[in-house]
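Peer 1: Sequence:
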Amino acid sequence: MNTKINNSELNFEKLYVTLGRYKWFILTIMLLSTLLMFLTLYFQPSVYLSSSIMEIKSKSKPKIPNDILLGALSFGGTGKVEKEIEILQTFSITNNALEKINFSVKYFKKENYKNIEMYKTSPIELTKISIFNNKLIGKKITLHPHKNHFTLSVNNSIKDWILSLFSIPSYIEFDSSKKHNYDKVIQNDFAQFTIKKTENFNEPITFILSGTKRDIYNDIIQESLSVQQLNPNAPLIEVSFEDNIPQRADDYVNALSQSFIEMSINFKNEQNSKVLSFINEQLEKIKITLQASERQLEKYKSKNKIIEPSTQAKKYIQKLSELEIKFSENVLKQKLIGNLLSFAIKNNNLDAIAPSLMELNDRPTLQLITILQELQLKESDLQTELTNEHPELITVREQIYNIRNKIFYNLKNLKALVLQKSRSIKSEKISYEAKIKTLPKEQKQLININRNYEVSSNMYNYLLKKKTESELLIVSTLSDYKIIDKAYSNTKPIKPKKMLLMIVAPLIGFLFATIIATILQGLNKKIFSYETLQSLSKFEIFGIIPEVSTKRAPLSIYENPQSRFTEAYRSLRANLPNKEAHEEAKIILLTSTIANEGKTTITSNLASIFQMAGHKTIILSLDLRNPNLHHHFELHNDKGMSTYLMGKDSIQDIIFATKHTNLHVISSGPIPKNPSELILSNRLTELLEILKTRYDYIFIDSAPIGLVSDTVPLMKIADQNLLVIRENHSKVSFLASLDNIIKKNKIQNVALVLNRSKSKNNSYGYGYGYGYGVN
Numbered sequence: 030m031n032t033k034i035n036n037s038e039l040n041f042e043k044l045y046v047t048l049g050r051y052k053w054f055i056l057t058i059m060l061l062s063t064l065l066m067f068l069t070l071y072f073q074p075s076v077y078l079s080s081s082i083m084e085i086k087s088k089s090k091p092k093i094p095n096d097i098l099l100g101a102l103s104f105g106g107t108g109k110v111e112k113e114i115e116i117l118q119t120f121s122i123t124n125n126a127l128e129k130i131n132f133s134v135k136y137f138k139k140e141n142y143k144n145i146e147m148y149k150t151s152p153i154e155l156t157k158i159s160i161f162n163n164k165l166i167g168k169k170i171t172l173h174p175h176k177n178h179f180t181l182s183v184n185n186s187i188k189d190w191i192l193s194l195f196s197i198p199s200y201i202e203f204d205s206s207k208k209h210n211y212d213k214v215i216q217n218d219f220a221q222f223t224i225k226k227t228e229n230f231n232e233p234i235t236f237i238l239s240g241t242k243r244d245i246y247n248d249i250i251q252e253s254l255s256v257q258q259l260n261p262n263a264p265l266i267e268v269s270f271e272d273n274i275p276q277r278a279d280d281y282v283n284a285l286s287q288s289f290i291e292m293s294i295n296f297k298n299e300q301n302s303k304v305l306s307f308i309n310e311q312l313e314k315i316k317i318t319l320q321a322s323e324r325q326l327e328k329y330k331s332k333n334k335i336i337e338p339s340t341q342a343k344k345y346i347q348k349l350s351e352l353e354i355k356f357s358e359n360v361l362k363q364k365l366i367g368n369l370l371s372f373a374i375k376n377n378n379l380d381a382i383a384p385s386l387m388e389l390n391d392r393p394t395l396q397l398i399t400i401l402q403e404l405q406l407k408e409s410d411l412q413t414e415l416t417n418e419h420p421e422l423i424t425v426r427e428q429i430y431n432i433r434n435k436i437f438y439n440l441k442n443l444k445a446l447v448l449q450k451s452r453s454i455k456s457e458k459i460s461y462e463a464k465i466k467t468l469p470k471e472q473k474q475l476i477n478i479n480r481n482y483e484v485s486s487n488m489y490n491y492l493l494k495k496k497t498e499s500e501l502l503i504v505s506t507l508s509d510y511k512i513i514d515k516a517y518s519n520t521k522p523i524k525p526k527k528m529l530l531m532i533v534a535p536l537i538g539f540l541f542a543t544i545i546a547t548i549l550q551g552l553n554k555k556i557f558s559y560e561t562l563q564s565l566s567k568f569e570i571f572g573i574i575p576e577v578s579t580k581r582a583p584l585s586i587y588e589n590p591q592s593r594f595t596e597a598y599r600s601l602r603a604n605l606p607n608k609e610a611h612e613e614a615k616i617i618l619l620t621s622t623i624a625n626e627g628k629t630t631i632t633s634n635l636a637s638i639f640q641m642a643g644h645k646t647i648i649l650s651l652d653l654r655n656p657n658l659h660h661h662f663e664l665h666n667d668k669g670m671s672t673y674l675m676g677k678d679s680i681q682d683i684i685f686a687t688k689h690t691n692l693h694v695i696s697s698g699p700i701p702k703n704p705s706e707l708i709l710s711n712r713l714t715e716l717l718e719i720l721k722t723r724y725d726y727i728f729i730d731s732a733p734i735g736l737v738s739d740t741v742p743l744m745k746i747a748d749q750n751l752l753v754i755r756e757n758h759s760k761v762s763f764l765a766s767l768d769n770i771i772k773k774n775k776i777q778n779v780a781l782v783l784n785r786s787k788s789k790n791n792s793y794g795y796g797y798g799y800g801y802g803v804n
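So for the sequence shown, the working numbering puts the first residue at 30; every next one is plus one.
If you are wondering where the hints come from, they were derived from the structure by calculation, not from laboratory data.
Treat the hints with care, as some may be off.
[Said to hold, decoys possible] 25 Å max Cα-Cα, derived PhoX-like pairs, lysine-lysine:
id, residue 1, residue 2
1, Lys515, Lys129
2, Lys344, Lys455
3, Lys176, Lys213
4, Lys207, Lys157
5, Lys138, Lys225
6, Lys149, Lys139
7, Lys213, Lys138
8, Lys138, Lys207
9, Lys157, Lys138
10, Lys745, Lys567
[Unchecked claim] Label-pair distances were calculated between CB atoms; the ranges are:
id, residue 1, residue 2, range
11, Lys527, Leu44, 27 to 35 Å
12, Met675, Ile623, 25 to 33 Å
13, Lys787, Leu65, 26 to 34 Å
14, Gln363, Ala463, 19 to 27 Å
15, Glu115, Gln428, 27 to 35 Å
16, Leu736, Leu529, 55 to 63 Å
Even glycine gets a Cβ: it sits at the ideal position worked out from N, Cα and C.
Whenever a hint applies, use it, and build me the whole structure from the sequences.
Peer 2: The following block contains the structure:
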């Protein structure tokens with residue numbers, strides 16, 4: 030558990046270090062992402078939503094009751110809300126709406142460096158449009174006005190230009206030097222159109238061709254139109270449309286709703302028109318028959334000097350006329366029932382025959398249809414909750430099947446009854462016709478002629494009445510749909526969500542930059558933080574020397590003894606072994622993996638911090654190949670360790686006092702030819718033995734252990750070895766090499782010092798903190 034917590038803390042610290050190291054990069058990316066989002070939102074047009082609410086009325090009852098003829102030729106019916114939703118989204122309805130709303134051309138003007146679309150305010154209008162190449166659809170075409178003419182150019186996108194590099198045909202060009210005139214046909218390889226000028230203007234106008242109505246439906250309408258039921262328990266649907274222009278969105282939704290209503294009315298009128306057409310045909314036929322009968326009757330009366338038939342003849346004529354009309358009505362009933370059976374066989378929607386059954390006064394079958402409707406609604410509800418194998422759903426479907434069979438059975442019986450009644454009427458007609466035959470010849474002929482006239486006259490009057498009723502029905506036809514709320518668009522756009530995106534943009538920039546920074550940090554082969562060093566090395570870290578923002582002198586601890594920099598050396602001093610009063614001097618050696626890691630500066634300041642604590646301290650410069658210590662103390666380097674080890678100088682000759690009491694220095698001296706051999710000489714051992722008796726601490730500034738082998742024998746005799754690692758300079762691979770050298774030579778008492786660290790918590794792991802220090 031503790032290991033997991035430690036790993037979590039370590040990962041957090043690594044992230045913290047990464048953020049600190051790449052903070053300016055991250056801030057720059059955040060700023061750029063915010064700026065990019067701002068520019069994107071500025072140039073991206075807002076989208077508005079317009080919505081209207083429509084009601085789907087319940088099935089309408091027949092306008093004209095007891096109408097056998099109209100019932101024979103048309104059916105009423107109902108439709109589900111889902112069906113209406115799908116119809117509203119079809120191309121046929123959209124096509125009618127597009128006749129009223131112009132989506133075929135969009136016009137733009139430049140304003141504040143961005144294109145602003147103009148709806149019903151454009152100073153130009155394109156007409157007679159024919160597109161020969163669909164690649165032109167969606168392209169921005171700019172009209173450049175001149176005094177007496179204009180020119181056209183196509184604004185191809187960067188995408189088009191890139192595709193053209195790969196020989197993908199997408200790039201379109203117009204002859205921009207060609208002059209065009211208003212109200213004249215413009216034709217090229219891509220399109221043909223006419224541009225009409227509706228008002229004067231001086232600035233360029235950009236327009237986009239959207240293609241045919243089918244193209245508009247596929248590319249614009251389908252993506253922006255939404256139709257849904259507001260409430261499962263209410264026959265209300267919401268029609269919504271998204272557009273950059275709120276007024277156009279309102280206009281389109283209203284046009285679509287109106288087109289839907291008009292379609293419903295036209296459909297009903299189409300059925301009624303069929304009835305009216307049938308009636309007109311029958312009227313023409315009856316009219317001809319009636320006129321012929323009337324002429325025949327007048328001719329007969331004139332020839333035979335008969336003005337009126339006898340009372341008995343009138344009785345026969347009236348009765349036969351009644352039978353003829355009853356027989357005709359019964360024939361119509363047979364036709365109606367035949368249509369009902371045919372419709373019922375071909376369609377599952379049996380409730381559509383209900384209005385016609387009312388005409389036939391078939392109450393039992395109407396009751397069965399009511400039950401069928403209830404069962405079908407129950408089935409629809411159960412389908413949303415149960416599977417097809419559920420017993421309750423299976424039972425309901427069996428009931429529906431049985432009710433349908435009963436309805437078919439009733440219709441067949443009704444057809445048989447009507448047929449039987451027709452036979453009865455026909456038999457009664459034959460009986461009266463037989464009685465007529467017993468009358469005198471003149472009366473018999475008069476009755477037949479008069480009967481034909483009466484039947485034709487009654488049928489003509491009946492059809493005239495039905496014609497009037499049908500015409501009234503067409504005029505009074507109401508749609509099954511009603512607009513409850515007209516289209517309304519909110520003044521606030523639905524997208525883009527500008528405030529949200531402006532908040533999200535810098536967060537995305539932060540995440541993106543952090544990921545990049547983490548990747549760069551992972552690719553970085555240098556030690557970039559205390560946490561990295563701690564995770565990669567098994568040696569204890571005794572100190573962290575902070576990086577200072579201003580340039581300081583090598584011995585800066587004397588300039589500002591309370592600084593954060595000085596406190597770091599005090600913390601390092603506290604972690605080094607203490608010398609007891611009876612003990613000899615402690616030898617502390619400092620080395621590094623490569624050059625320029627700051628070991629000489631740390632050696633100088635560390636020795637000085639011990640001197641400030643009252644300890645007698647001496648520094649030996651044993652980096653004989655690249656001496657630098659004498660510069661820190663402003664000393665000459667003509668004599669030192671090299672001249673002493675070669676036997677040219679004595680101990681007294683090479684020990685130099687500094688400006689600070691109890692702080693002495695032995696510089697390296699001139700660079701020798703054989704530094705490794707000199708360091709292995711007995712004179713160095715003798716020197717150290719003498720110095721141990723005179724000083725409390727002996728500091729050795731040695732050569733980098735990663736470059737030469739001079740330092741290894743010195744590390745074996747030191748009481749404490751400090752390896753200086755410079756942040757963002759020392760490579761990770763050096764730690765493995767260092768570990769091998771120390772293990773191979775069995776070197777003890779090794780610790781690390783991290784130099785020039787940018788960490789904000791340089792006191793981590795030590796007894797001292799730097800919060801009280803003064804920078």
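Peer 1: Take the C-alpha atoms of Lys745 and Lys567, compute the straight-line distance between them, and say whether it is at most 25 Å.
Peer 2: Holds. Lys745 to Lys567 sits at ~19 Å (cutoff 25 Å).
Peer 1: Take the C-alpha atoms of Lys138 and Lys207, compute the straight-line distance between them, and say whether it is at most 25 Å.
Peer 2: 22 Å, holds
Peer 1: Assess, step by step, whether the Cα of Lys207 is no farther than 25 Å from the Cα of Lys157, and give holds or violated.
Peer 2: 20 Å, holds
Peer 1: Cβ-Cβ distance between Gln363 and Ala463: within 19 to 27 Å?
Peer 2: Given range 19 to 27 Å: holds, Cβ gap about 25 Å.
Peer 1: Note whether the CB distance of Met675 and Ile623 lies within 25 to 33 Å or breaks it.
Peer 2: 28 Å, holds
Peer 1: With a cut-off of 25 Å on the C-alpha distance, tell me whether Lys149 and Lys139 pass.
Peer 2: Holds: Lys149 and Lys139 sit about 16 Å apart, inside 25 Å.
Peer 1: Given the hinted pair Lys515 and Lys129, is their alpha-carbon gap at most 25 Å?
Peer 2: Between Lys515 and Lys129 the Cα gap is close to 16 Å, so the pair holds against 25 Å.
Peer 1: Keeping to a limit of 25 Å between CA atoms, is the pair of Lys344 and Lys455 held or broken?
Peer 2: Holds, because 18 Å separates the two Cα atoms, which is no more than 25 Å.
Peer 1: Is the Cα-Cα distance between Lys176 and Lys213 25 Å or less?
Peer 2: It holds: about 16 Å lies between the C-alpha atoms, which stays within 25 Å.
Peer 1: Does the Cβ pair Lys787, Leu65 satisfy 26 to 34 Å?
Peer 2: 30 Å, holds
Peer 1: Is 27 to 35 Å right for how far apart the beta carbons of Glu115 and Gln428 are?
Peer 2: Holds - the Cβ-Cβ distance for Glu115 and Gln428, about 28 Å, lies within 27 to 35 Å.
Peer 1: Between the beta carbons of Leu736 and Leu529, is the distance compatible with 55 to 63 Å?
Peer 2: 57 Å, holds
Hint compliance for this structure: every hint is met.
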